[in-house]
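Enquirer: Starting from the known structure of chain A, arrange chain B on it as the hints suggest.
Chains as they are written, first to last, in this note's numbering: chain A, 1 to 299; chain B, 300 to 507.
Watch out, some of these pointers could steer you wrong.
Restricting the straight-line Cα-Cα distance to at most 30 Å, the calculated cross-link-like pairs of lysine-lysine (DSS-like) are [what the hints assert, rightly or not]:
#1 Lys332(B) <-> Lys123(A)
#2 Lys365(B) <-> Lys123(A)
#3 Lys171(A) <-> Lys434(B)
#4 Lys233(A) <-> Lys25(A)
#5 Lys123(A) <-> Lys434(B)
#6 Lys123(A) <-> Lys38(A)
#7 Lys30(A) <-> Lys233(A)
#8 Lys341(B) <-> Lys434(B)
#9 Lys233(A) <-> Lys260(A)
#10 Lys171(A) <-> Lys123(A)
#11 Lys163(A) <-> Lys204(A)
#12 Lys258(A) <-> Lys204(A)
Listed next, the stretches of chain A that the computed footprint assigns to chain B, with coverage defined by at least 3 CB atoms under 8 Å from CB atoms of chain B [stated by the list, open to error]:
#13 84-98
#14 128-134
Facing chain B, from chain A, some residues (calculated, C-beta under 10 Å) [unchecked claim]:
#15 Pro104
#16 Arg106
#17 Val149
#18 Met199
Calculated from the structure, these hints are not laboratory results. All C-beta atoms, glycine included, are put in the ideal place defined by N, C-alpha and C.
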Amino acid sequence: MPSKETISPDRPAGTAAAPSESALKREIEKIASESGAKAIAVALHDFETGFELHYQADRWFHAASTIKVPILLGVFAAIDRGDLLPHSRVHVRNRFLSVVEDIPFRVESGRDANSAVHNAIGKMMRVDELAYHMITTSSNLATNLLLGVIGPQSVNETLRELKLEEGIDLKRGVEDELAFDKGINNLVTADGLLKILTMLAAGKAFSPALSRRMMDILHGQEFNQGIPARLPKGTRVAHKTGEISNVAHDAGVVYLPKRKPYALVILTEWDPNASGRSRTIATISHAIYEALTTTPTDE
Amino acid sequence: MTASPTFPHARHESPNFPLRVVDGLTLPAEYRKALRPGEEWKDGNGFPRQLPRYFYEIPSWDSAMKVELASHFLLWEFIQVDVREAAPLRTFPRYVPCAITLLAVCLERFREAVGTLVHISANGGYRSPSHRFSKNATPHAWGTAANIYRIGDTYLDNRSAVERFSLIARETLPGVWTRPYGTPTGYAEDHLHLDLGYVISVPRDVKS
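Okay, chain B solo, but in the shape it has when bound:
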């Protein structure tokens, strides 16, 4: 592994957020191939979307367990991917789009509204465009989508639960999109999918 290209001045100073920002275009080839930084990718309707270029670098699982993205959300909760993720992205250092912080803030607000723990499923936070689940552009590859499989003791595997919490999400988070309950493509029946759309975050220290 070569040293990760970073922006010397693009390091957050907070002791709780020690992650470096990296330009995906300067990463080694295997990472660029998997992350496709800045590339265009079509969504399910054929509309082109531009993938994120800037990422936070996560040096280790230990750091992912420690970094708070919001009061009740640690970084590790957003990066649980299984064997379907591209191999270089299953080992550390890992990379996550900078917009992940926006998602975390929204989920914190959602958690306040539901008043209990919000559980993000495996493969349900950030996953790369090379993940085997990623057929078309999905906000998961922007770090702005979450699949929530459980809230408190309630599993979101039935219409009643999914629709109830979907409504709370939409009332709580202006502009959020939730996947309707159902089995066809574009629907969800065993989790609540919510996303902020194809949001790209470029930290202001980045000079490009």
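Next comes chain A alone, as it looks inside the complex:
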């Protein structure tokens, strides 16, 4: 069960085989050039060996739905403070105010893969239910409802307190088209997301119990065309995808049998009409899996 997993500190350097960083970067560059992506960033932390990879990992990207990971952290910060309980109830209302002049907007029901939250309009849902829908089916309505309760400022304060603010720039909720048109967007770097995932996987976000609860939610992810797609059967991935017209991302923690997990973030940017986004993410993920699980060769 994912909820039982805890990760002890990284194994001391040299006690397990680490891949060749330069060879792995060359492989990623090759995949990137063949994919037609405008930009690709990768950040990796392997709990088994301590190996890290940072490829364009400080480059800023539109966060798309990966911003929901920091928001999840903000929700659990409120739970940790006692401001919220997992079963606290939230009014499900599809009306939000843009950061541009407080103009009201709604989340289109067709943009959410899951209708459960839209079906509850007028009623209430629990915080933990909304958090689950926000991550596992990427419900934009659930996201904006949770952000409406805790506030973007609270999320940013949490990131600062946990020293995770570098690489995460949360400005607003999702589907705020007026803000998008004015270039006011949530941004992330691969390193920024990696630090959050590493903290979660290590059980160090607030408490081991709360970290596990967040990881459990991430384990429920239903969109598995990215990082998990080309990994062996039996691999479990706790992750969050993100996709809009010009970006496609996946960020998660990969649990393989008989070894400690690794945290991996793959961010990609594309021309709006480009194809092959998920395939590219899956190919990079597979290359990293191969590098981490096979004996390195001398350069």
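Expert: Relative to the frame of chain A, chain B by itself:
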């Protein structure tokens, strides 16, 4: 929780309405702070309004599910509040202004007019002056306002639906006020708000 101060003789005898009346001024401090019984509160135009002082005490969710305020309206429908409500008012016993019964009767009449179910939204019945939505005095804190998000199978999230049912409400309920359709402050675009104004009900057994 200390025992709730009540009026020994101010208990309704109907088996369907077993709620006690309490004087908000005698409630424990955390409730007085949240309910602000009898206090003055300014509305959006700066006019002072006096908040209700007398409340029905709701001992449990189970009782809220059973108490009929009107033939088709149970008490629970008027007290659904989310995490934005003051913490003491999200647990039982809960308190609701005595004028809630007047609202229920009006909604029953409205239901007869529309001929189908009338759904009150979360945060759309009674909410206290300490609720995070309550910036200025609102009849919701008097228990005399309802936000209706759905009537039958019709969601009131468009001009046509809101204006159609708003007209029925005004034709059916003399003196009722409905919020006009629109997005600015003071308008509503995803529900029908109707209210009876800042009505205070003081049950006649209350001796003060």
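Enquirer: For the stretch 84-98 of chain A, do at least 3 residues have a Cβ located nearer than 8 Å to some Cβ of chain B?
Expert: n = 9 at 8 Å, threshold three: holds.
Enquirer: Hint check: Lys171(A) vs Lys434(B), CA-CA at most 30 Å. Holds or violated?
Expert: OK: Lys171(A) and Lys434(B) at ~24 Å, within 30 Å.
Enquirer: Straight-line Cα separation of Lys30(A) and Lys233(A) no greater than 30 Å?
Expert: Given that 30 Å is the threshold and the Cα spacing comes to 26 Å, the pair holds.
Enquirer: With the threshold set at 30 Å, check whether the alpha-carbon distance from Lys233(A) to Lys260(A) stays at or below it.
Expert: holds, 17 Å
Enquirer: Do the alpha carbons of Lys258(A) and Lys204(A) lie within 30 Å of each other, as the hint requires?
Expert: Distance ~22 Å between Lys258(A) and Lys204(A) Cα, so the pair holds.
Enquirer: Is the coverage entry for the stretch 128-134 of chain A by chain B consistent with the three-residue Cβ rule at 8 Å?
Expert: Three-residue rule not met by the stretch 128-134 of chain A, so violated; n is 0.
Enquirer: Minimum Cβ distance from Val149(A) to chain B below 10 Å?
Expert: holds, 6 Å
Enquirer: Holds or violated: are the alpha carbons of Lys171(A) and Lys123(A) at most 30 Å from each other?
Expert: The hint holds at about 28 Å.
Enquirer: Please verify whether Lys163(A) and Lys204(A) have alpha carbons no more than 30 Å apart.
Expert: Holds, at roughly 12 Å.
Enquirer: Does Lys434(B) sit within 30 Å of Lys341(B), going by the straight-line distance between their CA atoms?
Expert: Distance of about 10 Å is within 30 Å: holds.
Enquirer: Is the interface hint for Pro104(A) satisfied, with its Cβ closer than 10 Å to some Cβ of chain B?
Expert: At about 5 Å, which falls below the 10 Å cut-off, the nearest Cβ of chain B leaves the hint on Pro104(A) intact, so it holds.
Enquirer: Hey, does the Arg106(A) contact hint survive, CB to chain B under 10 Å?
Expert: holds, 8 Å
In terms of the numbered hints stated before, the structure departs from hints 6, 14, 18, listed from lowest to highest.
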